[in-house]
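*Asks:* Read off the chains here:
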Amino acid sequence: MSIMGTRVLRTEDPRLITQGGVYTDDLRLPELTGAAYVTIVRSPVAHALITGIDTSAATEMPGVVAVLTSADLPAAPEGGDPTAEPLLAADRVRYVGEPVALVLTEGRYQGEDAAELVSVDYDLLPAVPGIEAALTGETLLFPGTENNILGTGTAGEGDDVNFGGCEVVVERTVVNQRLAPVPLEPRAMAAAWTGDRLTVWSSTQNAQLARGAIAGAIGLDPALIRVIAPDVGGGFGAKVAVDRDAIAVAWAAKHTGHAVRWIETRSENLVGMVHGRGQRQTYKIGGTRDGRVLAYHLDVVQDCGAFNRLGVFLAQLTVLMAAGVYDFAHAGASFRAVATNATPIAAYRGAGRPEAAAAIERAMDDFAAEVGMDPAEVRRINVVPPDKFPFTTATGATYDTGEYAAGLERVLGAAGYPALRAEQARRRERGDTVQLGLGMSVYVEITAGDMSGETARVVVDGTGAATVFTGSSAHGQGHHTAWAMLVQDELGIPMESITVVHGDTDAIPEAIGTFGSRSLQLGGTAVVQAAGVVKEQARRVAAEMIEAAEADLELDTAHGTWQVRGDPASALGWGQIAERAGPDGLAADARFDASAPTFPFGAHLAVVEVDTETGKATLVRHVTVDDAGRILNPVLAEGQRHGGIAQGVAQALLEEVRYDPDGNPLTSTLVDYAAITATELPSFELVASETPTPINPLGAKGIGEAGTIGSTPAVLNAVIDAVSHLGVRHIDMPATPEKVWAAINEARAAR
Amino acid sequence: MKVAISVNGRQVEAEVEDRLLLAHFVREVAGLTATNIGCDTTSCGACTVLLDGESVKSCTVLAAQADGHEVTTCEGLAGADGQWHAVQQGFHAEHGLQCGFCTPGMMMAAVSLLAENPNPTEEEVRTGLEGNICRCTGYHNIVRAVLAAARDGQPAQEAS
Amino acid sequence: MIPAPFSYRRAGTVEEALDLAAEAGEDGKYLAGGHSLLPLMKLRFAVPEVLIDIGRLAELSYIRDEDGHIAIGALTRHHDLEYSALLAAELPLLAHAAGRVGDPQVRHRGTIGGSVAHGDAASDLPAVALALDATLVARGPSGSREIAATEFFRGLFETALEPGELLTEIRIPKPAQRGWSFQKFTKRAIDWAIVGVAVQGGQVALVNMGSVPMRAAGVEQALAAGAGPADAAAHAAEGTNPVADLGASTAYREHLARVLTTRALAEAASRN
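Chains A, B and C, in that order, give the protein sequences. Residue numbering for the first sequence follows my numbering, beginning at 1 and increasing consecutively. Residue numbering for the second sequence follows my numbering, beginning at 752 and increasing consecutively. Residue numbering for the third sequence follows my numbering, beginning at 912 and increasing consecutively.
Mixed in with the good hints there might be a few duds.
[Stated by the list, open to error] With a straight-line Cα cutoff of 25 Å, these simulated PhoX-like cross-link-like pairs (lysine-lysine) come out:
1) A:739 to A:284
2) B:753 to C:940
3) A:739 to C:1085
Worth flagging that the hints you see were computed from the coordinates, not collected in a lab.
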């Protein structure tokens, strides 16, 4: 029986459970003995000119190895992009937390002591704390530019959407708030010279991309850099490649010749690691009173933070995916991406697609309320029917496969939707303090959208053991278990004899790594293809050894043996064949480039209770379909859904990065940034659904971000639904108790 | 100052800075790096160890305060024969970890929870783990892991 | 996340603690469970040069029935308060509230004395001490003295303790009225209260409604005059001065004070 699709516990676990993982700050390698500890001096102000840096007191402190500033960096070439981001701030700082200097100390504890002694003179400039201020253009982040707009774009009909024939039009401006990714392991990096090579250990999702980024930034031939990703304690997109803080640390090793190591504190992480989301959205949705939506327009203003790391790209994804699961006759979207004096924004679980789903799913509920119809019914009327795939939306995305209406029905069925509506009606009738809210989403998202392919190498040695070198780079996803399953299925080598290697540029020189939910469909397919080549190599060698025709040979995957069909006595094991093949055994490389991205989809139903006196919303049930095509290992897929759902719920109810009017962060510790805990969540109810894709041989789409994309709008819609009978039409995320209370008051006052 | 702390049954003595946090004593002096540090406001619980059998956040205890006391870390959970603690078994069986960074602290919190409440309800497990943040799992399987440990293990068993 | 350097001193007796504190002067701070002080030191908001560890003064950890009142040693941990059978019987408000402080790990270290001496209006136990009409016993160089809880909390993180004085006991009269309730409103279970209300009989204290924990005098007067829970609770925000911060606006805090007081009074009545 094939192992594909079966529940297999993780091979990663034993080590993690008994000894703990080895994350970057855990490394105790000979190369790092005596490494200097790096502490980063960061800007405490949002926008200022640097008029002087005095490092003398810090340099003189006992234990200080070096104090480095931008003055020690090679001069930037003339005429570069004025909005380019430096490694260390030179003459100006643009966000609280921006790196200004590095302090290298012998002891770990000396770092903060020495950093306090670095004296920086700041000449304050007016701050641009958010989108509204950025759009006025009164203060520009980059001298010589005309405004704070870093990029613009459109999709579909752009801003010229045809609303003709609409009996009903609803327009609203909503917030998709800035979030902090909060991987439990903060950013960390270590670097040491061995001979003329720099070895870098980085908490990264992409060792190979990191190498390229470091090489380019510090002027070192990539061939002289080795990047290793040790165990990585969560990434969620925020640890793609490396950012300027980590590159600066690597540069410090090059500049001083000293081995170095760095790990940031959580307070630094909450202002120094990239943030996610951060959009102001205005939607306009129009249609007829029977529930048919005819036109949809979305205007997006994307907060990029102080530099365009990924802000423009995220907004591009949002406008591309703006139409969601719906077949709209007319749709268009446009964006402006603006610079603000805040932490730069980049990928965070969903990266541009949660924003699109949140807008359209809110708009659909808004439209349903306007025409007085059940939101499930309005969705049924408008989703793309199953026979229209591949389907190109009005905003230009071509979806491979989908069963949107079926997903919604299954979730509503599993939740017991009619009974829940009846309970809601009873509570409304009684005027209960605690009201029930039902919120749904039907969503689609784009995975492996980068279209850059992935690599794999499979080796079988003389003992019959296999090693998989994968371009993918797990940071919790369980790839080692999954890829071993693939190889066992393809070659019949048992999982216990399969080792998976990732995240080392010496072992895997060419790869993209993990983000955008690409790994199984691209990396996994590459593994299967490489294994397939190994299989054919083995067939040739076995044919020679058995002196039979290749066509007469079969691989018995249940036993991992090659034999002449019908003649078990002829059986040879993988070890024997690999040994015969040569000193390097059997080995094959593969690179899989998909012809297109894939489009997972699903439906979520959230059941919340809202205490109408305090405004506090509690999620009591959350039922989902998250369909990512053929599932390799349900254990892993469910785990990804759970984690994704939790982060999406957190956006709807709790989490938000906030700044004061001067650009000072207000949520720079985990006391103030309300990262969600177990007490705010129920157990989730997952419904299985597999609609394969033809885009790759595994039939697989990406599951990693789907849960997040579907959950946020469902929970927000549920909170609003709980108090809609009181006249509330919208509440911005996060729907904190005070916001709900204020919305109830406002609605009551308006009546 | 000089401190002597029993870590997983082994005496560890060292001359340390007065301000040395127990978390760093465990990681740097005792050389046990399973216990992780995830925040600086006593919020995340990744650093949770047992101090005289009770869960504490080792980032908010000075090594000096633990001087002369017993500390148990994740590395000390399994039996001398290598047999996994019921909590470890539960975490594996229920896929209660993904990246693993919060896991040692989470398991130690669970061990302490079960020592005080051997048969918790789901709600009691969630409240009992309120001091531990996980970003990967959404807690769903962590709760299942702890309930499995309560059901299938001997929760009052002392870690060695 | 690393405290500034300091010198660590360990006290073996209360006398020794007082001597070490006198020696350190204004550079010294007592260290009990450390879960109010160490977090501040790790962010370098507090930079004492000398820490006097009183955590091993076992003689200050006790819960005793003393005939008309319960005597609690200042070093009694929240965990021990939560699980005390004596408190469950005599002072369930305190046992319950202690079980809501922070999280289990914090409760294994934090002490009632540390919490009360820290004097944070956003903490739970100072308000509970007020609601229970506690007497705080402090030892100083010139001997012992008793301070009523109503006189103890002077200002923002400021108590009646003189420099070097050590809180040794919290003495709580056995309540005449048995009804009690503790309403702690948070967004997440581990958060400090946005607003909290502690009720014991006709005594009502508020968490995080100003720079000090306070009794809701208006509510108590209304109750004494015979008002029902909702009518009495309407006075909950009188005389308060709640901040507007990340957690809530002033208006919302005032509203919560009224709502939570209504619920607390109703729950207390049901327990009578």
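*Asks:* So which of the earlier hints does this model not fit?
*Replies:* Number 3 - this is the single hint that the structure violates.
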